[in-house]
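Going line by line, the protein sequences match chains E and X.
Residues 1 to 111 (our numbering) make up the first sequence, in order.
Residues 1 to 111 (our numbering) make up the second sequence, in order.
Simulated from the structure, these hints should not be mistaken for lab results.
You may find that some hints are simply not true.
As the list claims (entries may be wrong) - Subject to a maximum C-alpha distance of 25 Å in a straight line, what follows is the list of computed SDA-like cross-link-like pairs (lysine to any residue): (1) X:LYS41 - E:THR109; (2) X:LYS41 - E:GLY54; (3) E:LYS79 - E:ALA40; (4) E:LYS80 - E:GLU59; (5) X:LYS37 - E:LEU46; (6) X:LYS37 - X:ASP2; (7) X:LYS3 - E:THR109.
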Amino acid sequence: SQTIHQWPATLVQPVGSPLSLECTVEGTSNPNLYWYRQAAGRGLQLLFYSVGIGQISSEVPQNLSASRPQDRQFILSSKKLLLSDSGFYLCAWSVQTYTQYFGPGTRLTVL
Amino acid sequence: EDKVVQSPLSLVVHEGDTVTLNCSYEVTNFRSLLWYKQEKKAPTFLFMLTSSGIEKKSGRLSSILDKKELFSILNITATQTGDSAIYLCAGPNFGNEKLTFGTGTRLTIIP
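Bound-form chain E, shown alone:
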């Protein structure tokens, strides 16, 4: 069966520091991968999605970037965090269907 991992689970970072969040999927090949952010009390905002290695589509222009170095690995990065980057970051996958399955998430607090 498929599983999705995200780490770290929680993160507290100062403004201006870099960020790297990692997501890996097991038990499937060539998944579509997604990064979402959920601010407190808000809905899910799609940040990036990828349909294959090295293929990244950006939904929201901002100081975040994403990379997909391997088929089942998706990384979210920033060179310099802003206060507004605080939120709950979710990775999701799908294969040959519209149904997306979410990882456990990373709660990021920028101080």
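We have chain E; now place chain X onto it with these hints.
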């Protein structure tokens, strides 16, 4: 632009009550509609609806789609405190693999 609107935004009921959550959508070239339950962490998949008028059921939860009216409802009967969560509705965008999420309905069940 694709749009998914959920109502009510929040709902507080007593244990044992029956609730109905609403989702209306304007999605180009509609394919399906999905419901998720989000407790403290990641959303978990509940239902995917593709055919109008056909009810999907899982235990005390059921959902139905009205393609003509661009509307779906999620019913929960004999509610329990474990049903307390945010319920999210989402519609896929035709031509790619993205989902547009509504802002969710926060359901609170009082013992």
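Outcome of the hint check:
1. Restraint check: the Cα-Cα separation between LYS41 of chain X and THR109 of chain E comes to about 15 Å, which is no more than 25 Å; the hinted pair holds.
2. Taking the CA atoms of LYS41 of chain X and GLY54 of chain E, the gap is near 28 Å; set against the 25 Å cutoff, the hint is violated.
3. For the suggested pair LYS79 of chain E and ALA40 of chain E, the alpha carbons sit about 23 Å apart, so the restraint of at most 25 Å is met.
4. A threshold of 25 Å between alpha carbons decides the hint, and for LYS80 of chain E with GLU59 of chain E the separation of about 19 Å falls inside it, so the pair holds.
5. For the given pair, LYS37 of chain X sits about 18 Å from LEU46 of chain E by alpha-carbon distance, which is consistent with the 25 Å threshold.
6. About 21 Å separates the Cα atoms of LYS37 of chain X and ASP2 of chain X, which keeps this hinted pair within 25 Å; it holds.
7. Distance restraint check for LYS3 of chain X and THR109 of chain E: the Cα-Cα separation of roughly 29 Å exceeds the 25 Å cut-off, and the hinted pair is therefore not satisfied.
Checked against the numbered hints given earlier, the structure breaks hints 2, 7 and satisfies all the rest.
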